[in-house]
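Kindly generate the complete structure, drawing on both the sequences and the hints.
Read off the chains here:
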Amino acid sequence: MSGIPILTLLTVLPLVGAVIALGSGRHARAVALVTTLLSLALALVVWTEWSRVPVFGGYGFIEQHAWAPSLGIHYYLGVDGLGALMLVLSAIVTLMSVDAAHRVHHQPGLYFALVLTLEAGLFGSFTALNFFHWFLFWELSLIPAFFLIKLWGGARRGPAATQFFIYTMAGSAALLVAFLAVFLSTGSMDFPHLTLLASTGELEQLVTAHLGPVMMWLAIGVLAGFAVKVPMIPFHTWLPAAYAEAPSPVTMLLTGAMSKMGVYGLLRIALPLFGHQIEQIRTPLLVLAVATVVMGAWAAAAQKDLKRVFAYMSVNHLGYCLLGIFALAVPAAGAAAINSQAAALNGVIFQMFNHGITAAALFWFVAMLQERTGGHRGIDQFGGLRKPAPVLAGLMGIALFSSLGLPGLNGFPGEFLIFRGVFPLAWVAATVSVLGLLVTAVVILTVIQKVFTGPVPEHCVGFPDLHHGERMALIPVIGLMFLVGLLPQLIVATVNPTVINLLAHWRF
Amino acid sequence: MNYADLFRVTLPETALEIAALVVLIVDLGFLRKAALNLRVTVAALLGVAGCGAALWTVGLQNGSGFFVDGREVLVVGPVAVIAQVGILVLTALTLLLLIDENFTHHVGEFVAVVLMAAAGGLLIVAAQDLLVIFIGLELLSLGLYILTAFAKRSGKSAEAAMKYYLFGGMSAAFLLFGFSYLYGLSGSTNLAAIEQGIPQQGMPLLYVAWVLIVAGLGFKVAAVPFHLWAPDTYEGAPAPAAAFIASVSKVASFALLLNICYGLFQPGKTWSGPPQLLNEIFRTEFAIWQPLLIILIVVAAASMIVGNLAALAQVSVRRLLAYSAIAHAGYILLGVAVRRPYTGQVDTIHFVLDSFRPAFRSTNAVLFYVLTYGLTTIGAFGVVSVVERATGSDRIDSFVGLNKRNPVLAAVLLVLFLSLAGIPPLVGFYAKFNLFAAVLGVSAGPVPFALVALAVAFSVVSLYYYLQVLKRAYVMPTVDESPIKAHPVTMAVLVAIAAAVVVLGCFPALLQNWIESFYS
Amino acid sequence: MLAWTIYLSFAGALVLAILPKAKPALVRWLALSVAVAGLAVAIAGFISGMGQGLTVFVDLPWIPSMGIHFLLAADGISRVLVLLTGLAAVAGVLFSWNIELRANEFFAFFLALIGGVYGVFLSFDLLLLFVFYEIAIVPKYFLIAIWGSTRREYAAMKLAIYSFAGSAMVLIGLLAAYATAGSHSTSLIQLGHAGFPASFQMWCFPLVFTGFAILAGMWPFHTWAPTGHVAAPTGASMLLAGVVMKLGAYGCLRVGIALFPRGLDPWGVSFLGIGSWRDVFAVLAVIGIVYGALVALAQSDFKFVIGYSSVSHMGFVLLGLMTLNQIGMTGAVMQMFSHGIIAGLLFAIVGRIVYDRTHTRQLAELETMHLSRRLPFAAWAFVIAGMASMGLPGFSGFVAELQVLVGAWKVNPWWVAAAGVGIVVGVAYTWRALQKAFFGDLLPSAHVLEQEHGHELAAITWPEVTGVVMLAGVSLFVGLYPRILLDTIEPAVKALLAGGVQ
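Chains as they are written, first to last, in the numbering used here: chain D, 1 to 508; chain R, 1 to 520; chain X, 1 to 502.
You may find that some hints are simply not true.
Said to hold, decoys possible - Subject to a maximum C-alpha distance of 27 Å in a straight line, what follows is the list of computed DSSO-like cross-link-like pairs (lysine-lysine):
1. X:158 x R:485
2. D:450 x D:387
3. R:156 x R:485
4. D:450 x D:304
5. X:23 x R:404
6. X:158 x R:404
7. X:21 x R:404
8. R:152 x R:485
9. X:21 x R:485
10. R:471 x X:21
11. R:33 x R:152
12. R:163 x R:152
13. R:471 x R:404
14. X:158 x R:471
15. R:485 x R:404
16. X:23 x R:471
17. R:485 x R:471
These are calculated hints, taken from the structure and not from any lab test.
In structure tokens:
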């Protein structure tokens with residue numbers, strides 16, 4: 001694929017679609033569907049090309065042009081296995097979100113334009129290799145998300161949107177300041193170049209020479225910025241409100257793709273550049289990661305609103321990613337350790353993908369439940385749905401089990417690899433996190449029991465099952481869950497070389 | 001005593017006198033029964049013709065003056081010629097503004113007095129002898145007193161004339177007393193002889209003389225603290241008279257000041273009296289005229305301050321113009337005062353050569369300022385008189401809505417007042433800039449600099465009160481929307497003045513080069 | 001060729017002034033064509049000047065005895081600012097399309113102001129620059145006094161007097177410099193080589209700089225700005241905040257810093273970290289950034305928020321000028337351009353699009369009006385303008401502020417910290433205004449809904465759409481492709497710095 005700037009194309013395509021959707025009124029959803037399908041096709045093209053000829057030691061599909069050289073700003077795009085996977089994930093999740101949003105009555109043109117702009121933001125930030133470009137799209141995704149919550153959300157959407165905005169802006173500010181400092185010391189904003197500098201220790205020397213002993217502060221700033229996005233305790237308080245008040249299709253996007261931006265940032269920026277600093281504060285970070293896992297699960301157990309249950313479960317699942325990331329921040333010491341690190345990293349990436357799909361599917365189901373019962377989404381408001389809607393129950397059940405981590409479904413390999421990697425590296429943390437696994441299991445089984453089994457309340461009597469269109473949409477997703485669960489090497493085979501490459505460049 | 005020279009040199013004055021007589025004869029003789037309009041028009045046009053003739057005779061001069069006993073009594077130098085041309089042009093414009101006025105039936109007398117006063121002005125600027133100066137000054141002043149009183153139906157006019165006359169008489173007395181001291185100290189009434197003749201030990205008396213002379217001349221130019229006549233006179237006098245006082249009398253008086261200060265102080269005398277410190281502070285040659293310098297500077301600063309601050313409070317536009325005239329007099333006096341560079345030595349030849357250009361530069365700047373100021377003021381009074389006659393008062397609120405009632409008049413007002421405030425690209429700005437640059441170019445010491453800073457600062461203050469009038473004309477909603485009519489000649493003259501202000505502002509070199517051409 | 005911008009504008013003003021009772025439509029189109037012609041010339045001049053250094057295009061003796069020339073020239077900085085003026089002029093005319101009262105006079109004053117601004121940016125003779133600078137004062141007064149709103153006469157007088165006082169200070173400095181340099185010439189190029197004594201520069205620089213900085217809205221002489229901007233009609237406030245404040249900053253740079261660079265040297269003694277005029281003005285700039293932002297956050301009138309935000313953003317310009325390094329000063333010029341566009345856009349939305357329809361600027365009242373539903377164009381335009389104003393990447397403000405911060409860091413990190421606070425507060429007040437004015441949460445009562453039905457807000461007109469698209473588009477374009485301006489600005493700044501400023 002030489003010559004064609006496919007990554008630029010991929011990023012621009014949703015923007016073009018957004019402009020068209022804006023003027024399409026009632027047909028906006030159709031426009032959005034077409035656009036997201038095309039983006040998915042392009043993303044898959046990138047993925048397959050990458051898997052065919054993985055480029056060891058670097059990035060593929062590179063596009064590099066000078067943009068404002070005096071400021072170190074370059075138009076620098078490229079993907080490796082991680083990036084390509086994230087592109088595919090974003091495309092799939094956005095497609096799911098657009099599909100689920102078939103009841104947007106109020107200004108659909110604007111709604112879908114915002115969704116497509118958000119998709120462009122995702123694509124842009126997953127392909128960026130220069131901080132300016134990356135930050136541009138990071139911010140670009142924030143604005144549509146804010147408006148999607150604010151204008152189409154639930155009863156308490158105002159405060160939820162506000163909180164979302166403030167937290168994320170604060171995080172962005174911290175990131176910006178840290179990167180300014182890096183730029184001032186090195187004169188560069190390119191991720192590959194900075195990674196190279198960091199891997200030899202030169203980055204720290206340059207920063208200390210120019211600005212003094214501020215490297216740890218920079219690291220904390222960067223971590224804070226991403227911690228808000230993932231989220232990590234204690235920066236997570238915006239999440240339940242935002243997820244609950246946003247319309248479910250938007251929540252699909254938030255949890256499926258946007259949260260991955262945070263994890264991606266940790267992998268692309270925090271670990272490579274500030275690995276040594278992270279290693280120095282590894283223990284507190286691990287504590288926070290474990291807290292995220294466990295508290296997420298406990299909080300989920302206490303919720304009565306299905307959306308909030310799943311919201312906290314997202315926190316919990318992403319906690320595993322954090323666990324894996326921080327656990328592997330140890331200086332390499334022997335082949336076994338490297339293996340563990342590789343396993344953990346593979347697991348993290350895998351988990352990013354799987355959680356994205358699964359969480360998006362779960363929120364989709366919640367949306368369906370909500371629509372069919374006229375707005376109910378409390379756990380206790382349903383019951384015995386197995387009888388009137390067996391297909392729904394079946395598919396949702398599969399998704400729930402996948403979230404639980406049942407072997408055979410896509411949730412399992414990710415968590416397995418993470419634990420496989422973390423146990424040798426940080427066994428205390430791993431052990432405590434198992435608690436989270438147990439609690440999650442309890443929560444999910446409870447949901448299944450309360451929603452699908454038991455007596456059917458009156459308002460659920462005429463509960464319609466999935467109709468044809470919805471089945472056509474959901475079955476591929478569920479199928480994907482099975483596929484990845486049974487044949488994880490489809491993904492791991494492509495991602496692993498990238499993992500090895502990344503680990504080789506990270507210095508702790 | 002070469003009477004041919006005397007005749008030649010006084011040709012302009014003669015032309016004016018003849019014109020005055022012709023006007024009287026025509027008006028009193030042939031036009032007794034005619035309508036007022038016709039009489040006014042004829043008289044004014046005859047007066048303008050007289051000014052034109054006088055201008056032509058000025059052009060006939062060949063550069064040498066009139067001598068008595070080897071001393072030059074009437075000079076035909078640059079300052080004199082420029083001032084004379086200015087006086088004649090301004091007089092002509094004043095007379096043109098007389099058309100359509102109806103404040104008096106004695107039209108011929110009015111024009112004749114104007115012309116005679118102008119002749120007095122012409123005499124002053126050329127005179128180098130104290131007594132001739134005094135004659136001219138009295139001729140001018142007496143004429144002005146009469147002109148002020150001409151609106152017999154107005155009580156204010158009489159009151160103003162009375163105040164003017166009493167004040168003026170007293171100032172003339174002071175002036176003469178001061179002149180007598182100069183005569184006593186030097187033994188001659190000729191300016192050049194006086195400068196050479198004053199002995200070194202005559203210093204204390206010289207101070208007295210200077211104070212008295214400045215009192216007398218300060219009255220003429222309306223400088224603080226000799227300005228008290230100005231607001232009442234500007235307010236009470238009929239508009240053409242006020243315009244004449246504000247323009248021609250100023251030109252003549254400042255030219256006189258220039259003559260006295262420059263002509264009197266040829267280089268050559270040093271002083272051992274006052275401390276060198278004063279020399280250092282003022283960075284100027286601090287010879288025999290140092291007390292004059294200090295007095296002039298104090299008067300200038302006081303005029304700037306008092307004039308601008310008092311104008312802020314005025315509700316009558318005429319009084320506003322009076323106080324602004326006081327302020328402008330302050331600026332000009334600054335130019336008159338600071339005119340010699342400090343060379344650190346008193347070698348005669350070098351002193352002359354070194355001081356040649358800069359001193360002339362500041363003289364040029366003063367003349368430029370005074371001429372353009374006179375032009376602008378005549379225009380301003382023209383506008384005020386039109387509005388006054390239409391609305392019955394000159395209060396600031398009678399200008400409300402002028403833009404709707406007569407847009408051309410409002411535009412003229414805009415141009416003239418902004419020029420007075422010193423806004424480019426109008427000539428008032430350039431005149432100020434030129435003056436201040438000349439002052440600093442001559443001597444850039446801390447005191448002149450502080451004075452220029454003071455002048456600029458108070459120019460800012462002046463913008464406020466000029467804008468108050470313009471605000472009424474353009475901004476405030478109109479109460480009475482009836483159109484204001486003016487005589488076509490008046491409008492033509494006003495538009496021409498405004499156009500001149502704009503053109504000279506954009507291309508000041510036109511006037512500047514003309515002035516400088518006299519020094520080549 | 002660029003001189004035609006000046007001539008066309010003044011010619012247009014004159015023609016419009018003499019058309020007394022012409023139809024407003026004719027007047028508008030005439031004004032628009034003059035403004036567009038000026039913009040076309042500005043663009044052509046910008047493009048043809050790419051890669052060129054300082055080019056002199058008119059040099060006529062004006063007052064030969066004093067060495068004053070009618071000298072018009074342009075370097076990169078001038079070209080960028082002339083381009084800004086062209087854009088602001090066209091946008092201003094478009095957003096004044098609905099002026100009915102005395103339309104010809106309005107546009108006459110407008111074009112005269114534009115002409116004066118073009119003149120300042122293109123003059124390379126100090127007196128000529130000053131003349132154009134002062135010419136701009138009078139139209140401002142009348143524009144605000146006649147067509148303005150809140151307390152317009154007071155605001156107009158205050159603005160006129162402050163501007164005049166500032167220019168008086170400059171005049172004094174100008175006279176002193178002219179005299180000290182021997183009274184031969186007032187050409188900026190020659191005065192730049194005059195080599196004034198260091199002691200002279202040490203007092204002349206702060207005088208001239210402060211005089212210009214008053215017009216640039218430097219704290220604490222900024223108080224005319226919010227009052228004036230709020231009182232002015234939309235087209236005038238767009239120009240005032242967008243271009244006229246830049247006159248002051250330009251003067252600071254072109255006259256203050258370029259002619260009297262030694263005035264920025266350290267004094268030798270230092271008090272609380274302030275050891276030179278550079279420190280003084282940098283601190284004042286930073287105070288302006290933070291103060292402007294904090295006060296904007298507390299305003300209840302929508303237009304006042306924007307007015308104070310202008311003070312805050314101009315603080316960045318002044319800070320950038322005081323860094324005296326390539327990147328900081330480039331950032332300052334970029335910020336001049338960027339803020340000019342963004343301020344124009346903000347005032348256009350607040351004044352023309354919102355106020356002319358809702359007749360209120362109080363945020364509390366706007367909150368109940370549901371403007372996101374009834375005026376969606378305005379809401380989304382303000383989202384974009386707000387993003388640009390906050391300095392989000394992708395818009396011109398980000399690059400400009402980034403450069404200023406980097407430049408400032410090289411001199412004193414504390415300035416950057418304080419400026420950073422200003423940026424954060426900037427996000428806060430923009431967002432607050434956005435929320436309250438357009439996306440208020442209060443659900444309307446039935447009564448209000450009924451009222452809304454009866455009073456539909458006037459539809460958005462094509463001049464408004466054109467203006468918004470033009471301004472937002474420029475900001476976006478420059479934000480995504482900053483090199484289009486940077487390539488012109490950087491060499492000019494480099495030349496200026498090499499000329500003696502360390």
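Consistency of the hints with the structure:
no.	hint	verdict
1	X:158 x R:485	violated, 34 Å
2	D:450 x D:387	holds, 13 Å
3	R:156 x R:485	holds, 25 Å
4	D:450 x D:304	holds, 11 Å
5	X:23 x R:404	holds, 17 Å
6	X:158 x R:404	holds, 25 Å
7	X:21 x R:404	holds, 11 Å
8	R:152 x R:485	holds, 25 Å
9	X:21 x R:485	holds, 19 Å
10	R:471 x X:21	holds, 21 Å
11	R:33 x R:152	holds, 21 Å
12	R:163 x R:152	holds, 15 Å
13	R:471 x R:404	holds, 13 Å
14	X:158 x R:471	holds, 13 Å
15	R:485 x R:404	holds, 12 Å
16	X:23 x R:471	holds, 25 Å
17	R:485 x R:471	holds, 21 Å
Hint 1 alone, counting from the list given before, is not met by this structure.
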